[in-house]
Amino acid sequence: AQKVTQAQTEISVVEKEDVTLDCVYETRDTTYYLFWYKQPPSGELVFLIRRNSFDEQNEISGRYSWNFQKSTSSFNFTITASQVVDSAVYFCALSADDNYGQNFVFGPGTRLSVLP
Amino acid sequence: KAGVTQTPRYLIKTRGQQVTLSCSPISGHRSVSWYQQTPGQGLQFLFEYFSETQRNKGNFPGRFSGRQFSNSRSEMNVSTLELGDSALYLCASSYPTSGRSDTQYFGPGTRLTVL
Numbered sequence: 011a012q013k014v015t016q017a018q019t020e021i022s023v024v025e026k027e028d029v030t031l032d033c034v035y036e037t038r039d040t041t042y043y044l045f046w047y048k049q050p051p052s053g054e055l056v057f058l059i060r061r062n063s064f065d066e067q068n069e070i071s072g073r074y075s076w077n078f079q080k081s082t083s084s085f086n087f088t089i090t091a092s093q094v095v096d097s098a099v100y101f102c103a104l105s106a107d108d109n110y111g112q113n114f115v116f117g118p119g120t121r122l123s124v125l126p
Numbered sequence: 263k264a265g266v267t268q269t270p271r272y273l274i275k276t277r278g279q280q281v282t283l284s285c286s287p288i289s290g291h292r293s294v295s296w297y298q299q300t301p302g303q304g305l306q307f308l309f310e311y312f313s314e315t316q317r318n319k320g321n322f323p324g325r326f327s328g329r330q331f332s333n334s335r336s337e338m339n340v341s342t343l344e345l346g347d348s349a350l351y352l353c354a355s356s357y358p359t360s361g362r363s364d365t366q367y368f369g370p371g372t373r374l375t376v377l
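Which chain is which? The protein sequence lines are A and B, in order. Here the numbering used here = 1-based position in the first sequence + 10. Here the numbering used here = 1-based position in the second sequence + 262.
The hints are simulated quantities; they were obtained by calculation from the structure and are not laboratory data. These numbers were taken from a predicted model, which means no experiment stands behind them. Beta carbons: idealized from backbone N, C-alpha and C, even for Gly. Just to be clear, a hint being listed does not mean it is correct.
To be verified - Cut-off 27 Å, straight-line C-alpha distance, at most; resulting in silico cross-link-like pairs (DSS-like, lysine-lysine): (1) B:K275 x B:K319; (2) A:K80 x A:K13; (3) B:K319 x A:K13; (4) A:K48 x B:K319; (5) A:K80 x A:K48; (6) A:K13 x A:K48.
Claimed, not checked - Output of the computed footprint for chain B on chain A, the stretches with three or more beta carbons under 8 Å from beta carbons of chain B: (7) 44-53; (8) 116-125.
Isolated chain B, as found in the complex (with noise of 0.2 Å):
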């Protein structure tokens, strides 16, 4: 089987811009997760997505936002970028069976540079 995609790789965008990142999940895994991971405040997560509804949430302003598509692959938008959002964001799906006992298996992750 595939391996979670994410795309793009890099980005470099300027402050006040939005940025869309997108991931496929593993064929067959329904829910995706996504992460940002700061060399200060280290992996944080930001939400998750099961069957295209937002099934659980992390601590991060309005500006964080995603959606899943039918065909689980799922989308993160940042709008008004700040310099703080630089950040690697990662993607992880799962096979949900009861939610807290899935393994997330992890994209290569996108990394956002914002100027």
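If we strip away everything but chain A, and leave its shape as in the complex, we get (with noise of 0.2 Å):
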């Protein structure tokens, strides 16, 4: 079975600061892929990156950038410089087919505050 813990139930921040939001991940698959997703107070899940278990690459997107460490499971995300605007949800998800088709399995979710 596959799961995605995200151990920060909520973070607040202050503009400007850099924050970290963690994801563990658990999967017996060896081919699997890593999602961020965002979701503002609209309701809307916004994509923001799809990693895949072969990759270790670390990615930058202008002020955001992720950490995939295969050894400890964790694929986490880094905003630099945060902003008011990046207040929301943030979801780490799992794609893994136990089966053949799509299977997402989200984490519950960070709540990211940036307060002015």
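Given two chains presented individually in distinct reference frames, assemble the corresponding complex, making use of the accompanying hints.
Encoded structure:
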């Protein structure tokens, strides 16, 4: 069975601070995919990044960066110089097939509040 | 391209009634998945449809069903509604390649309230 843990339920930071959101996953598959989604108050999940299990390179996109470490089964997300617009719930997700087809397993989410 | 659309956006029903939710995927996407989001259980996978066939199913009772049409639009039905079915129902579409690798793009959701 697959599982995603996001131990931080809520985080509050002041604008311009850096913040890291943790994600730890469990799977017995050797091929799997990890995702991060952002859910603003409007409710729509916004895709941020996809990473496959064979690519452990860190990725940077603007103020966002991701650190994937298979040795610790972690896929952490860092926002540099946070802004108020970053306030949202962030979900880490794992895609793996028990059967053929899609079955995303989401973590419980981390609510990030960026205060002005 | 237009994003994933879901109708209606809000719905209020009473216990025992049934409800049908609709999802139109991104043009060209052939896979549609449904999720239930509640404060207590978080985001849970309901089922996935591809080419009008249910390809994968989560752990939900038979009261939850769905279907997909030839134009990839999908509907989800919940019969004999219970108070615990109150949730945000999210639909996601993807352009399937190998299945597990595909990025899912989500719609705005339908918020269902059962009284």
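message: Does K319 of chain B sit within 27 Å of K48 of chain A, going by the straight-line distance between their CA atoms?
response: Satisfied, since the Cα-Cα distance of roughly 24 Å is no more than 27 Å.
Coverage of the region 44-53 of chain A by chain B, judged on three or more residues with CB within 8 Å: Since 4 is at least three, the answer is holds.
- request: Sort out whether K48 of chain A lies within 27 Å of K80 of chain A, counting only the CA atoms.
  value: 23 Å, holds
query: Regarding the pair K13 of chain A and K48 of chain A, is the alpha-carbon distance no greater than 27 Å?
result: Status holds; Cα separation ~19 Å.
query: Keeping to a limit of 27 Å between CA atoms, is the pair of K80 of chain A and K13 of chain A held or broken?
result: Given pair K80 of chain A, K13 of chain A holds - Cα atoms ~15 Å apart, limit 27 Å.
Pairwise hint evaluation, K319 of chain B against K275 of chain B, where the allowed Cα distance is 27 Å at most: 25 Å, holds
Straight-line alpha-carbon gap K319 of chain B to K13 of chain A, limit 27 Å: Roughly 17 Å separates the two Cα atoms, so the pair holds.
field: Residues of the region 116-125 of chain A with Cβ under 8 Å from chain B, three needed, outcome
entry: holds (count 4)
In summary, this structure violates none of the numbered hints.
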